[in-house]
Amino acid sequence: EAGVAQSPRYKIIEKRQSVAFWCNPISGHATLYWYQQILGQGPKLLIQFQNNGVVDDSQLPKDRFSAERLKGVDSTLKIQPAKLEDSAVYLCATSERGLEAFFGQGTRLTVV
Amino acid sequence: AQSVTQPDIHITVSEGASLELRCNYSYGATPYLFWYVQSPGQGLQLLLKYFSGDTLVQGIKGFEAEFKRSQSSFNLRKPSVHWSDAAEYFCAVGISNFGNEKLTFGTGTRLTIIP
Chain A
1 EAGVAQSPRY
11 KIIEKRQSVA
21 FWCNPISGHA
31 TLYWYQQILG
41 QGPKLLIQFQ
51 NNGVVDDSQL
61 PKDRFSAERL
71 KGVDSTLKIQ
81 PAKLEDSAVY
91 LCATSERGLE
101 AFFGQGTRLT
111 VV
Chain B
113 AQSVTQPDIH
123 ITVSEGASLE
133 LRCNYSYGAT
143 PYLFWYVQSP
153 GQGLQLLLKY
163 FSGDTLVQGI
173 KGFEAEFKRS
183 QSSFNLRKPS
193 VHWSDAAEYF
203 CAVGISNFGN
213 EKLTFGTGTR
223 LTIIP
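Protein chains in written order, with the working numbering: chain A, 1 to 112; chain B, 113 to 227.
Derived by calculation from the structure, the hints in this document are not laboratory data. Please read all numbers here as calculations on a predicted model, not as lab measurements. Incorrect hints may have been included.
Unchecked claim - To spell it out: a stretch of chain B is covered by chain A in this simulated footprint if at least three of its residues, at any positions, have a beta carbon under 8 Å from a beta carbon of chain A; those stretches are: (1) 125–135; (2) 216–225.
Unchecked claim - Residues from chain B that keep clear of chain A, each with C-beta distances beyond 10 Å, as calculated: (3) Asp-120; (4) Ser-138; (5) Ala-141; (6) Thr-142; (7) Lys-161; (8) Gly-165; (9) Gln-170; (10) Gly-171; (11) Glu-178; (12) Lys-180; (13) Ser-182; (14) Ser-184; (15) Asn-187; (16) Trp-195; (17) Glu-213.
As the list claims (entries may be wrong) - Anything over 10 Å on all C-beta distances counts as not near chain A; from chain B, calculated: (18) Tyr-139; (19) Gln-157; (20) Asp-166; (21) Lys-173; (22) Ser-192; (23) Ala-198; (24) Ala-204; (25) Gly-206; (26) Ser-208.
Glycine included, each C-beta is placed from N, C-alpha and C at the ideal position.
Start from the sequences, fold in the hints, and give me the full structure.
This is how it looks when you write it as structure tokens:
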């Protein structure tokens, strides 16, 4: 079974630039999560999709972050404009049902 | 709201020694509990989970965890660690509310193995 695929693995941008991350879930997994993991901290949920609908985006900074999940499969997370404090690893996770989530390798973002 | 506390930021253990990583949770009902491991530059891998039933849960790589309701704890144990166990370990509590399922993670414990 293929795992959760994320790209790119690494990204370096200047502040105020925009960036996008892509996630391809495990086939058949209806739930998709985007987490932000700042160095030295645990992952923090940014947004949760059930198929192509948003279930929870209460911790998503909506003035600069956006996410979509077209056709209930792939998802993209965008930051525009980026700030220094957005430097983190962005993890995508998916689950078929319940709470058992499978994680991708993440995208490490550095904002300079 | 649910929360997770991992009191130990960093633990160093000799190879072959036993290991216990602490996790305390706060949640009003019976929680779903998880331990994940994260190797450098990698995503999180599920070690084990507790949903209900037997409070001693067996996981992969020789790990086990025990749910103690009276102490609100879900500590991770391994009788003999290997150098490959060096990683970051995260405890998480999950809630399921009418199809809205959410995981809340602790801040992690970094495990170092010395020869």
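Hint-by-hint comparison with the structure:
1. 125–135: violated (count 0)
2. 216–225: holds (count 5)
3. Asp-120: holds (14 Å)
4. Ser-138: holds (15 Å)
5. Ala-141: The assertion about Ala-141 of chain B holds, with a minimum of 14 Å to chain A.
6. Thr-142: holds (13 Å)
7. Lys-161: violated (6 Å)
8. Gly-165: About 15 Å separates Gly-165 of chain B from the closest Cβ of chain A, which puts it past 10 Å; holds.
9. Gln-170: It holds; Gln-170 of chain B is separated from chain A by about 16 Å at its closest Cβ, greater than 10 Å.
10. Gly-171: Holds, since 12 Å exceeds 10 Å.
11. Glu-178: Glu-178 of chain B clear of chain A: closest Cβ-Cβ about 19 Å, beyond 10 Å.
12. Lys-180: The claim stands: Lys-180 of chain B keeps its Cβ more than 10 Å from every Cβ of chain A (closest is about 20 Å).
13. Ser-182: Holds, because the least Cβ-Cβ distance between Ser-182 of chain B and chain A comes to about 23 Å, which exceeds 10 Å.
14. Ser-184: holds (18 Å)
15. Asn-187: Correct as stated: the minimum Cβ-Cβ distance to chain A is 17 Å, above 10 Å.
16. Trp-195: holds (22 Å)
17. Glu-213: violated (5 Å)
18. Tyr-139: holds (13 Å)
19. Gln-157: Not fine: 7 Å to the nearest Cβ puts Gln-157 of chain B too close to chain A.
20. Asp-166: holds (17 Å)
21. Lys-173: holds (16 Å)
22. Ser-192: holds (27 Å)
23. Ala-198: Given that every Cβ of chain A is farther than 10 Å from that of Ala-198 of chain B, nearest at about 17 Å, it holds.
24. Ala-204: violated (8 Å)
25. Gly-206: Nearest chain A Cβ is 4 Å from Gly-206 of chain B, so the label is violated.
26. Ser-208: violated (6 Å)
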